[in-house]
Structures are given as C-alpha cells and as structure tokens.
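Peer 1: Below, each chain spelled out in residue letters.
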Amino acid sequence: MRKYFDNRRLGRIFIYTILALFAAYSLFPLYIMVITSFKTMAEIRGGGILLPPGTLNLESWTIAWSGSGECTQGVACTGMKGYFANTLLMVIPAVGISTLLGALNGYVLTKWRFRGSNLLFGMLLLGCFIPFQVILLPMAQVLGQLGLSGSLVGLTFVHVVYGLAFTSLFFRNYYITVPSELIQAARIDGAGFWRIFLRIILPISAPVFVVSVIWQFTQIWNDFLFGVVYSDSQSQPIMVALNNLVNTSTGVKRYNVDMAGALIAGLPTLIVYVIAGKFFVRGLTSGAVKG
Amino acid sequence: MVGLTLRDVRKNYGDVQVIHGINLDIIDGEFVVFVGPSGCGKSTLLRMIAGLEDISSGTVCIGDVEMNDIAASKRGVSMVFQTYALYPHMTVYKNMAFGLKQANTPREEIEKRVQAAAEILQISEYLDRTPRNLSGGQRQRVAIGRAIVRDPSVFLFDEPLSNLDAALRVQTRKEIARLHERLKTTMIYVTHDQVEAMTLADKIVVLRDGRIAQVGSPIELYERPQNAFVAQFIGSPKMNFFSASDLTSGASSLLNRELSDDLQVGIRPEHLSITDSANAVVEGTLELVENLGEYALIHLRTASNVEFIAKAEKPPEVPKASTIKFGVKPPLAHFFDSNSGARSA
Chain A
1 MRKYFDNRRL GRIFIYTILA LFAAYSLFPL YIMVITSFKT MAEIRGGGIL
51 LPPGTLNLES WTIAWSGSGE CTQGVACTGM KGYFANTLLM VIPAVGISTL
101 LGALNGYVLT KWRFRGSNLL FGMLLLGCFI PFQVILLPMA QVLGQLGLSG
151 SLVGLTFVHV VYGLAFTSLF FRNYYITVPS ELIQAARIDG AGFWRIFLRI
201 ILPISAPVFV VSVIWQFTQI WNDFLFGVVY SDSQSQPIMV ALNNLVNTST
251 GVKRYNVDMA GALIAGLPTL IVYVIAGKFF VRGLTSGAVK G
Chain B
1 MVGLTLRDVR KNYGDVQVIH GINLDIIDGE FVVFVGPSGC GKSTLLRMIA
51 GLEDISSGTV CIGDVEMNDI AASKRGVSMV FQTYALYPHM TVYKNMAFGL
101 KQANTPREEI EKRVQAAAEI LQISEYLDRT PRNLSGGQRQ RVAIGRAIVR
151 DPSVFLFDEP LSNLDAALRV QTRKEIARLH ERLKTTMIYV THDQVEAMTL
201 ADKIVVLRDG RIAQVGSPIE LYERPQNAFV AQFIGSPKMN FFSASDLTSG
251 ASSLLNRELS DDLQVGIRPE HLSITDSANA VVEGTLELVE NLGEYALIHL
301 RTASNVEFIA KAEKPPEVPK ASTIKFGVKP PLAHFFDSNS GARSA
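Those protein sequence lines, which keep their order, are chains A and B.
The first sequence begins at 1 in the working numbering and counts up one residue at a time.
The second sequence begins at 1 in the working numbering and counts up one residue at a time.
These aren't lab readings, by the way, just hints derived from the structure by calculation.
The reader is advised that the hints may include incorrect statements.
Here are the simulated DSS-like cross-link-like pairs (lysine-lysine), alpha carbons at most 25 Å apart as the crow flies [unchecked claim]:
#1 K101(B) to K111(A)
#2 K203(B) to K174(B)
#3 K111(A) to K203(B)
#4 K325(B) to K314(B)
#5 K311(B) to K238(B)
#6 K74(B) to K111(A)
#7 K94(B) to K238(B)
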C-alpha cells in the first residue's frame with residue numbers, strides 16, 4: 001500500500017515537473033519582453049538579457065504610449081494611444097455586430113429552416129476557408145464604391161463581413177443542440193420570430209457568445225493585413241502602429257520601447273482571455289441548455 | 001370546450017406523402033389517443049392540429065372554426081412535449097407565466113392562474129426553481145402546468161411519459177387521467193405505448209403509415225379489431241396468427257368456420273386454454289415457460305413451425321418438448337383475410 005502511494009507521488013512530481021517546464025518555456029518570451037521594457041538602453045547595451053532591470057524604468061512605457069515629444073508625425077512621435085483608441089472604436093462594434101448577426105444566422109439556419117438553407121450554410125462555411133489575401137482587391141473596390149475607403153467604418157465593415165462566416169458557424173453548431181421543441185413551445189405560447197430569439201434563444205447562448213467574442217476579438221485585434229490595407233494614417237489600428245513603431249529604419253533601435261509597445265498591443269487580448277475564459281468554463285459546466 | 005373535425009387531412013414533404021387523408025371527429029371533452037408504431041405519422045398529425053406543421057391539404061377545425069391558416073398561439077391549444085421543452089433559463093413560475101405574458105394578461109390574473117395550476121399539480125413549492133433543479137417527474141408536471149394556465153380548449157400531449165421511468169410513468173398516467181376528469185377538456189394524446197392508449201383513452205385512433213387503421217373505444221379495438229395490424233398492435237403479448245394448415249384437423253368444425261389458405265386465424269394468448277384432443281384447435285411443442293407468478297407465458301411451436309404464446313394461470317406440469325393441446329371459445333377467435341389483412345366477418 002505504502003509503495004503504491006510512493007509511486008503515485010513520484011508520478012505526480014514527474015508530471016508537474018514536465019508541466020512546469022512547458023509553462024516556463026511558453027512564458028519565457030513574455031518574461032524577456034517585460035524585463036526589457038523596464039530597462040534603460042544603457043542596461044540593454046550592457047548585455048545580460050536574462051537579468052532583471054536594476055531599477056523600474058517606466059520611461060519606455062511612456063514613450064510607447066504617448067510618444068517621445070521630439071517630433072509630431074508618426075507613431076514614434078505620438079505614441080500608440082491614438083491607435084489604441086482607433087482599434088477599440090473598431091473592435092467593439094465589429095465584434096458586437098458580427099456576433100449578433102452570427103447568432104441570428106445560426107438561429108435561422110437551425111430553427112427556421114427554409115428551402116435551400118442547408119446550401120446557404122454550406123456556402124457560409126466556405127467563407128471560413130477564403131484566405132485574407134484573396135479578397136483584398138475586390139473588397140477595396142467595394143469599399144471605394146461605398147465611400148468607406150481609408151476609414152474606421154470601412155475597416156469595421158470588412159471585419160464584420162469576414163467574421164460572419166465564423167460566428168454563423170459557431171452559433172449554428174450551438175443552436176443545433178437546442179431542442180426544436182423549445183421553439184415550438186414558445187410558438188404555442190404566442191411568441192414570434194424575434195420574441196423567441198430575444199427571450200428564449202439569446203438568454204441560453206452565453207457559452208457560445210463567449211466563444212464567438214474571444215474568437216472575433218482576437219482575430220480583429222490582432223489583424224494586420226486588413227488594417228494596413230484599408231486604413232489611412234488617421235485610422236490605422238494598433239497592429240499597424242506597432243509595426244511602424246518597431247520597424248523604424250531611422251535612429252537608434254529602442255528595444256525597451258518596442259517591448260513596451262508590443263505588450264500594450266497584446267494586453268487587451270490577454271485580458272479578454274482571462275475574463276471571458278472564466279465564463280467560458282462556467283458556461284460549459286453549468287449545462288445551461290438541457291432542460 | 002370544443003370538439004375537433006379533421007377532413008381529408010394530408011401532409012406532403014416534397015413528393016413524399018406522410019399523412020394520407022385523415023378523417024376524424026373528436027367530440028367535446030373526449031380523451032383521444034393517437035397510437036401506432038414509430039413513423040406512422042401520429043406526431044406529425046398532432047403537430048398539424050397544433051399549428052406547428054402546415055396542412056398540405058384538407059381542413060382541421062377546432063370547434064366550428066377552420067384552423068388551417070391560424071397561428072399556433074391563436075388556436076386555443078396547449079401542448080405538452082416529450083422532452084418537456086421548458087425554458088431552461090426561467091424559473092418554474094416564469095415558465096408557466098410566459099404564454100400569458102405574451103397574451104398581455106394582467107399581472108394579477110397571471111399570478112392567480114399560475115398559483116391555481118401549481119396547486120393542482122402540487123408544484124407550488126418549486127415555483128422559484130429553474131428546470132435544471134427539478135427531477136424528470138417534476139419537470140413534466142411543470143410542462144403540464146404550463147399547458148393548464150393557458151386555459152386551452154384542447155390539450156395536446158406528445159408522448160409525455162416516454163422520458164420517465166416505469167414507476168413514475170404509471171403515476172403520471174394516473175394524474176393525467178385525473179386531470180382530464182377534473183378539467184373535462186378535450187385532450188389528444190400521442191403515444192406508441194398501447195397500455196397508455198388502453199388505460200387513458202375514450203377513443204383510440206390507431207395509425208399506420210399515415211392512414212387510420214381503426215378508430216374505436218379501447219374495448220372495441222380489443223374485442224373486434226378491424227384488421228390484422230390492429231389485432232397485433234393492441235394487446236400484450238401480441239395476438240397469435242395461424243393459417244389453416246397450422247391448426248388441427250378438427251379446428252374447422254370447432255370454430256364453426258370454413259378454413260382455407262385465404263384466411264388467417266387470430267387468437268389472443270389469454271384466450272387459449274389447455275384442453276383434450278377432442279377440443280383442440282391448435283397444438284404445439286413446449287419451448288419455454290415464463291412464470292410471472294400472477295400468470296405464466298407458455299411459448300410453443302406448431303408442427304408447421306409457427307411460434308405462438310399461451311397465457312395460463314399456472315405453468316403446465318409437463319417436461320419441455322412435450323406436446324400441449326389448446327382450445328378456444330369460438331367467439332374469441334378472429335378471422336382475417338390473408339392478403340388484405342382485413343377482418344373477415
């Protein structure tokens with residue numbers, strides 16, 4: 001008996017050691033980024049890339065966020081805050097609209113089937129496999145015709161359209177597990193299409209909402225290609241700004257500012273994962289639908 | 001309280017017809033059971049009455065009003081579903097109140113009706129719980145409660161007991177019977193279980209492949225099945241079927257009937273009784289005895305290799321493989337046309 005527990009314990013230690021190694025391996029770049037962002041350029045030049053900073057130097061964060069004040073044009077001068085705001089202005093409506101429309105699509109495709117609805121779903125699915133690059137040119141033409149070129153609204157529009165295929169798929173696959181008898185019961189109770197959607201379907205959709213929001217937020221926040229193609233200097237999103245900050249070909253390369261900028265750009269996605277991920281697990285474990 | 005009239009009701013899915021012209025009259029206050037094997041169209045027919053499925057042709061009238069183009073919520077029907085279909089995010093109270101709210105019923109009226117229904121079904125203490133925190137039986141009561149508060153002119157039940165365990169099923173069956181007695185509302189009940197049909201119904205509608213096989217009171221269906229399908233569907237264990245060659249040479253005169261290959265003879269297991277050679281209609285070798293205490297089921301095989309079952313009070317005291325002779329009172333034998341399956345007088 002004693003022996004059994006010893007073996008079990010050894011196994012545990014082994015597993016946790018391996019897991020700790022993996023975790024360290026994954027977190028290592030983040031560690032480098034964080035400590036580098038707090039170092040002065042002198043410290044960075046002095047080597048010791050793994051060593052923590054001597055003092056907590058916040059200057060690079062200030063420069064990355066609000067600029068150095070030495071010039072007036074470009075992200076290196078103005079900092080990322082304007083672009084951060086740009087991106088929020090685009091991401092929030094883009095995630096919201098594409099998720100709500102996806103929910104509506106999923107609802108119609110599963111609970112209000114019509115002739116050809118399966119074909120439509122197949123075509124929507126195909127949308128998930130279209131690479132970004134393919135639609136660059138035609139989308140640019142469409143945006144031009146709509147008068148939305150080089151604007152945040154245009155960029156939001158592109159992300160909504162591109163995200164619809166994915167959100168529709170998520171919601172469709174979730175709603176297919178919701179018993180149709182629920183909708184029939186609501187119909188007999190006198191609720192119509194919209195009432196059922198708002199009062200019955202949406203309230204039980206929390207888990208898939210979280211999935212859709214995480215997915216869409218990550219996609220749109222991290223997008224570079226659409227951002228660089230469809231924006232002008234006023235409407236650039238954060239990833240483009242980060243690129244411009246890091247890829248400056250003039251002057252000294254300020255690694256600490258680069259790292260601070262990259263952390264600023266990456267933080268919102270991290271926060272969304274931490275907050276929504278918790279609800280995600282909660283939603284899955286509460287068995288919300290089976291009634 | 002109103003009756004229903006179905007006239008030549010049909011349902012097509014594309015080119016496939018699943019309901020083939022149903023004609024049916026349901027009297028005010030009647031408890032009607034649609035019964036049949038899975039895929040016979042009984043649920044589809046119920047959904048057409050409810051307004052959840054379109055009626056391809058024919059008419060459905062509730063009372064004197066044609067319902068074909070009237071929305072489900074305006075037909076004055078309530079439906080109880082097999083999976084209960086309770087709104088999972090709402091409390092029991094809200095589940096029951098939802099329909100009334102949609103109809104803009106005043107708050108006090110809703111409160112009154114929900115409390116009254118909850119009392120009838122003894123679910124008053126669960127009103128604040130969500131369906132997740134209820135047992136299967138309690139959920140089914142809530143589903144019935146939700147149907148009651150709408151004060152419908154017709155109740156529709158779609159296999160309401162099939163998700164419950166055996167003990168609960170018997171109890172809930174009794175409660176539904178009591179509910180009908182109390183409300184005296186027209187009820188239409190779909191099941192594939194002939195025991196539910198026999199115990200609950202004033203009138204049974206046996207369906208087969210989208211057609212009515214027979215309509216009648218439970219006892220009519222048991223005593224005078226109009227065709228071989230109904231004969232086999234109603235009663236447990238199933239009615240035995242024999243052709244002339246499976247029976248003894250004396251069978252024809254004992255049954256007082258000219259036997260031929262065109263005729264099938266149906267005899268229920270409970271109507272076969274052990275007898276002597278002179279009175280034997282059929283004989284078989286003993287294969288298996290299932291002793292249930294209250295009665296015994298004797299499984300046999302005729303010389304012509306047809307299996308049949310006899311129900312007896314006690315197991316026969318003979319070894320396996322011995323031959324046992326059975327007789328039947330002539331009025332309890334049924335005759336069906338071998339080809340059409342229709343009852344032959």
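Peer 1: Hints numbered earlier in the text: which of these fail when held up against the supplied structure?
Peer 2: Structure breaks hints 3 and 7.
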